[in-house]
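Q: Chains as they are written, first to last, in the numbering used here: chain A, 1 to 359; chain B, 360 to 898; chain C, 899 to 1215.
Any given hint could turn out to be false.
What the hints assert, rightly or not - Taking lysine-lysine and the PhoX-like style, the derived pairs with C-alpha atoms no more than 25 Å apart in a straight line are:
no., chain 1, residue 1, chain 2, residue 2
1, B, K463, A, K217
2, B, K402, B, K898
3, B, K778, A, K160
To be verified - For the chain A half of the interface with chain C, some residues (derived, Cβ under 10 Å), not all of them:
no., residue
4, V11
5, L26
6, M133
7, N137
8, P143
9, Y153
10, L157
11, R243
12, V305
13, I334
14, V336
Unchecked claim - Covered stretches of chain C (chain A as the covering partner; in silico rule of three or more C-beta atoms under 8 Å from a C-beta of chain A):
no., region
15, 966-974
16, 1055-1064
17, 1140-1150
18, 1173-1180
By construction, these hints were calculated from the structure, which means they are not laboratory data. Ideal Cβ positions, reconstructed from N, Cα and C, are used throughout, including at glycine.
Single-letter residue listing:
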Amino acid sequence: MLGYIVRRLLVSIPVLFGILLVTFVLARAIPGDPCKAILGEKASQEVCERFTRRFGFDRPIYVQFGLYMGRVLQGDFGTSIRFSRPVSLILIERLPMTIELAVGGLIVALLIGVPLGLISAMRHNTGVDVSAMIFANIGISMPVFWLGLMLAYVFALLMKGTVFWLPPSGRLSAGLTSVPFYEVWGWSVQANTTKAMVLDFIANHFIFNSLITGDWKLLKDAVRHLILPVVALSTIPMAIIARMTRSSLLEVLGRDYVRTARAKGAMERRVVMKHALRNALLPVVTILGLQMGALLGGAVLTETVFGLAGVGRMLFEAITARDYPIIQAFTVVIAVSYMVINLIVDVSYGFLDPRIRFD
Amino acid sequence: MNRSKLLGATAGILAAAALVGPAHAFTGKSVAAPDCGYGGKVKSIEATDEMTVTFTLCRPDPAFMAKAAFTPFGIQPEEHLAATGGGGDILEKPIGTAPWKLAKWARGDSVIMKRFDDYWGDKPNYETLVFRWSDSGAGRLIELRSGTVDQITNISPDDFDSVKNDSSLTFIPVANPNTLYLAMTNTFAPMDNLEVRKAIAVGIDRQRIVDNFFPDGSEVASHFTPCSITNACEGESWYEFDAAKARKMLADAGFPNGFKTKIFFRDVFRGYLPEPSVVAVEFQTQLRDNLGIEAEVVVMESGEFIDESTSGRLDGFYLLGWGADYPHVTNFLDYHFSAKNPQYGTPHPEIFEILEKASTIADVAKAKPLYANANNAIKALVPMVPIAHGASASAALAGVENAHFRPFGAPLFHRADPKKDTFVFMQNAEPISLYCADETDGESLSVCQQIVEPLLGYAIDSGAIEPRLATGCGANDDSTVWTCNIRAGVKFHDGSSLDANDVVASWAAGIDAANVNHKGNTGSFDYYSYLWDGLMNAK
Amino acid sequence: MVTFKGGALELAESQTEERLLGSPTALWKTALRRLFRRKTGIVGMILVGFMFFVAVAAPVIAPYDPQNVLIGKEPVRKRAAPCIHLLGCSVDKPQHLMGIDGNFRDQLSRVIYGARVSLSIGFTTVAFAVTFGVLLGAIAGFWGGWLDNVIMRIMDVILGFPALLLAIAIVAVLGPGLRNALLAIAIVTLPAYARVMRASVLSIKELDYVAASRAIGASNIRILLTRVVPNALTPIVVLSTLGIASAILDAAGLSFLGLGAQPPTPEWGTMLGSERNQVFSAPHLVFFPGIAIMITVLGFNLLGDGMRDALDPRLND
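Chain A extracted, bound-state conformation (with noise of 0.2 Å):
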């Protein structure tokens, strides 16, 4: 297992070392002027070319790639061209938005797609099948953007003035502020230190932040602001998942196992519920580290539409703005957590069927 592990590792290092070319070479091939981008139509000629100079990107592109790759493998990803701060500031504020809508994405995909999958396979072939599938068919087809559009139309602007009225952009109303639970607890951090940034990173989960310090007040607020947004990026893995749990659920009550224990008289539900589900679940848990690739894309379009600080958005700015470290430095987070979680799940999946074998 430990061989396989680390394997899997060492696998990994031309793959990163490829999407670090890959996510360098095509940060600087955007065309169109960082300096243009990010000062603005008025800036002047000298003032540009002071600019690049000062960025150093006037240096030959092999020799900023060099000095990148050196900074990466400190663990710096450098200072944003746009704002000046460190790339790193700027990741421990956007991640968690970002982790908090994939995770809610993914546990209400699971909590719907599991059901709608288990009841498909039992009612195979059936009116309630083929209702089912299109009801999981259609959330895989519908625009996330033009969905999270819809909702927000309905829900903040048709529903207003009822309890069903939820907020149609933002993270918290405003005026609310988020306290962190070390400065609710009395710790001393001290600024600016590896450790006050990991606090940071935590308490930036507003929602887990404000469950452990018991503001409920936030909690509520916070959880109010992310419900559409979750529901439009959670159909397409709902989808996914409710057609995986079908089909692998229809696959294992062909086996023979499951014949042998039909035969015996068990129940339907009985054994659907204790031999079947078990392994039908597993190929789904494979799937959950594919989806969260799907999950950190939709982000993209979901945050646009609803205004969210995240990761997705952040990117997708800078790539507007050509800011090369904030491109580089957040495209590689979000591929190498898409291969840790995909490490983990398959690592995982090991240990939930013990007919795997790692060697």
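Go by the hints and put chains B and C onto chain A.
A: Showing chains B and C alone in chain A's frame:
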């Protein structure tokens, strides 16, 4: 923590020294360029006494006051600039004299400001001012309608009527002067042919564009500069639309069947161009129907578009416009038609020679005939076709008293009253930093001006200049030396008092490239360089 | 957003080995018969068929030219709501079933012509991705060794990015536009086909009869054409049907962000994106293109699902 204590202590010492009276000697700071050879307008800035600052210019600048009222020239304490070195912390924690002091900038979400109780002028009626943002017009309006915000910027043109008819909202027209123009780069064929450009000028039905694609209150451009600006509309009005005549002109110029070209634009909402892609398609339709010109519509990324268009590298038409920075005709004409600007191809001496002469004349009446000649030359040479002056609007909840939007700069929120503790304003985007000496985007500037004040400011309902930290500024005869008297008794948010050295230090950090505090965000100090023709002591 | 990365790929990969028994033609016949017995498959076929009909018959059924600007030709308002005579819209007014868009054009005609654009987006993207994916997969599988390693590591790098993000970055490099958007989507979806093809080649290589044909001197190309391709075809067809669905959806997403088709092309994502600011004042301009995307994508998804069920020998009825 430590620093604010230190600043507090320093301020205390200063106050004590002031009490002692005549014994306290004031040492005025100054900043200067060795000579005027660097090309910029500012020769030196000097604190001539504790409450007086003198600006010495290399050339006369009648627009000095209009420019000095601009937000990037806000004043911060000399000590704060020194403590931050003009970078780092100052980007997130500005200290000003304005009615609002910064409480918290929740990145990605909002900027929260609290009332400054020692403000020298009218204090706000409420405790907290919050800025939020959304880049979608629909998103902002729905926030306003659901009551989660109190005022929004830039409502979409199609929502004008529904906002006007909604009794729970106040419709607020914004009178920022702007111009949309259809540009042609004269270094590419066939736009190098004056007769072709003239035919296009006659062949565009500008009235139809304004009627159908611009909100109420927009106007067809009779001249390049909107008429609300002094001397803008001297000289002849633009050509009348006549499709048949235009077609004949184009045929006479050698293109009886039109030609193929492109229309470049960027998909960015501006007051002068509320619906870029829709208007671009309308130009495409008109060029085809009226002149037989087949133009492909090409959208470009904003930064790339600005770079390419303003360097004169776009082969075809492009759609661009201009929103006024400060209320003066030079802000429109000199920027666009100067000898240095290649955006329409080769600049026309027939235009820029007149403008250079006019820009040094302070007397409005004396400058008038020159601007008439300049406008006539623009009409005769058609470097571009001025299309429209777009109307834009803000909206507020009906319960907000004195909700307004100034023609120049963001609203003065301390003058408005939401009748509750908190006022929430929603703009287009998040500020980039809060040190506006080195920012150019309107979103950063509108937050900054709630916190930091310049020497002068713009009126609530016009481009008129009002005193702020200066009680007034006066010029010598040829308007090359400007003397500003600093208001007495003004406190900064950190408790220290304003004096002439704070003014010199704030300006020096921006305009003097060799200053120790000349750091900023990107270090470009764009507006210093652009409005004063360059930074002094730059290498 | 690339929907088939989940279920279909996994199934497709695991299927190849089981698919090898029996002759391909016979299997196709059974599969087709079974597809017709799936209700979801039939619904999918109907939807896809309908969209094909709309696309082909667009000039006949669309009441207006999609580029026809009606200013001065008809008394219509910009972004006017639908006017349907049957639903009580005054008969004096010209009928516009889906209303008028921001440029005074008939929205119905644009949505109808949009079917042409979207279907060609789906097919060209997938055709490109399949061609190159299959080619790369076949090369990797047959030649093996370092070439296999290089190709598959490149595929891993592509799969290492969330698909839509990578597509956005590629379009940012190539410049916005429909052709570049299609290319970007094709590039990010290509690894799925390469993987399936490679897996299929590898499993075939081991089989006795292939070894036998090699022994009697059959060339690699011949083995590829006669043995591998027919067997890999099934998962590829399923994958590409679902791929068409996700390509249409992804292209709409890129267009929504302003990176895909440019005006005045009647592309649904572009129509939706350029009118999204009017969602509250003119919801019809956002609603109808969205519905059109959904129906088309739904059709291909259901069809792909049905095909996968029908072609999967483990799922017998």
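Q: Taking each numbered hint in turn, which are not upheld by the structure, reported in ascending numerical order?
A: Of the numbered hints, just 15 does not hold.
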